[in-house]
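Student: Modelling step: build the complete structure from the supplied sequences, incorporating the hints.
Here the sequence shown stands for residues 72 to 210, where the numbers follow our numbering.
For the record, the hints were derived by calculation from the structure and aren't laboratory data. Predicted, not measured: the structure shown is a model, and the values here were computed from it. Wrong hints could be hidden among the right ones.
For each label pair, taking beta carbons as the anchor points, the in silico distance ranges come out as [claimed, not checked]:
1) 165 / 98: 31 to 39 Å
2) 122 / 146: 34 to 42 Å
3) 157 / 178: 30 to 38 Å
4) 154 / 121: 22 to 30 Å
5) 129 / 164: 22 to 30 Å
6) 99 / 168: 27 to 35 Å
7) 150 / 102: 14 to 22 Å
8) 136 / 99: 23 to 31 Å
9) 174 / 110: 32 to 40 Å
Note that beta-carbon positions come from the ideal geometry of N, C-alpha and C, so glycine has one too.
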Amino acid sequence: MSTTPGAFVTRREWLVLPVEGERPERGWEDRRVECPACGRALTLRVSSLARARRRQKVLRWASVAWLAVAVLCGLSMAFAGGGLLLLVQFGLVLGLTLAFTLYMRLGVEDGVSVRWPTLTRMRGHMLRWPPGTPRRWQP
72 MSTTPGAFVT RREWLVLPVE GERPERGWED RRVECPACGR ALTLRVSSLA RARRRQKVLR
132 WASVAWLAVA VLCGLSMAFA GGGLLLLVQF GLVLGLTLAF TLYMRLGVED GVSVRWPTLT
192 RMRGHMLRWP PGTPRRWQP
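Tutor: Here it is as structure tokens:
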């Protein structure tokens, strides 16, 4: 689902479970649905367009911030010595890992999520990619 105004803003198609519906005007809305493939009852959280865009912006800026931390740690490795070098190397690895993780999470953030206590909140129920999605985000 794209967050730019157009055909894919208010409608949703699911890969495993077909869910028809529109986004709420403000905030979010929880919906109970049953997966026809596995029979599991799922709670879907559908966020408003503004909320989805805000979450994407937060993920984008957090990814850029951690990348900046990694770059600064990489540049300061030339001047660090002894025990400080190990700390700077740890900051470099941590910054790169978190920047990459947040960037990849940004690719699947569209304001519709399966409410499970997991990091990705997908639990085997992935969304179908809408037409026009960049190829780098598609498997």
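Student: Decide, hint by hint, whether the structure agrees.
Tutor: So, going through the hints one by one against the coordinates:
A hinted range of 31 to 39 Å holds for the C-beta pair residue 165 and residue 98, which are about 34 Å apart. Restraint check, residue 122 to residue 146: a C-beta distance of roughly 37 Å satisfies the suggested window 34 to 42 Å. The supplied range of 30 to 38 Å is met by residue 157 and residue 178, whose beta-carbon atoms lie about 33 Å from each other. Between residue 154 and residue 121 the CB atoms are about 47 Å apart, so this pair departs from the stated range of 22 to 30 Å.
Checked against the hint of 22 to 30 Å, the pair residue 129 and residue 164 passes, with Cβ atoms roughly 23 Å apart. For residue 99 and residue 168, the Cβ-Cβ distance of about 29 Å falls inside the hinted range of 27 to 35 Å, so the restraint holds. Checking the proposed 14 to 22 Å range against residue 150 and residue 102 shows it is violated: the Cβ atoms sit about 54 Å from each other. The hinted range of 23 to 31 Å is satisfied by residue 136 and residue 99, whose Cβ atoms lie roughly 25 Å apart.
Checking the proposed 32 to 40 Å range against residue 174 and residue 110 shows it holds: the Cβ atoms sit about 35 Å from each other.
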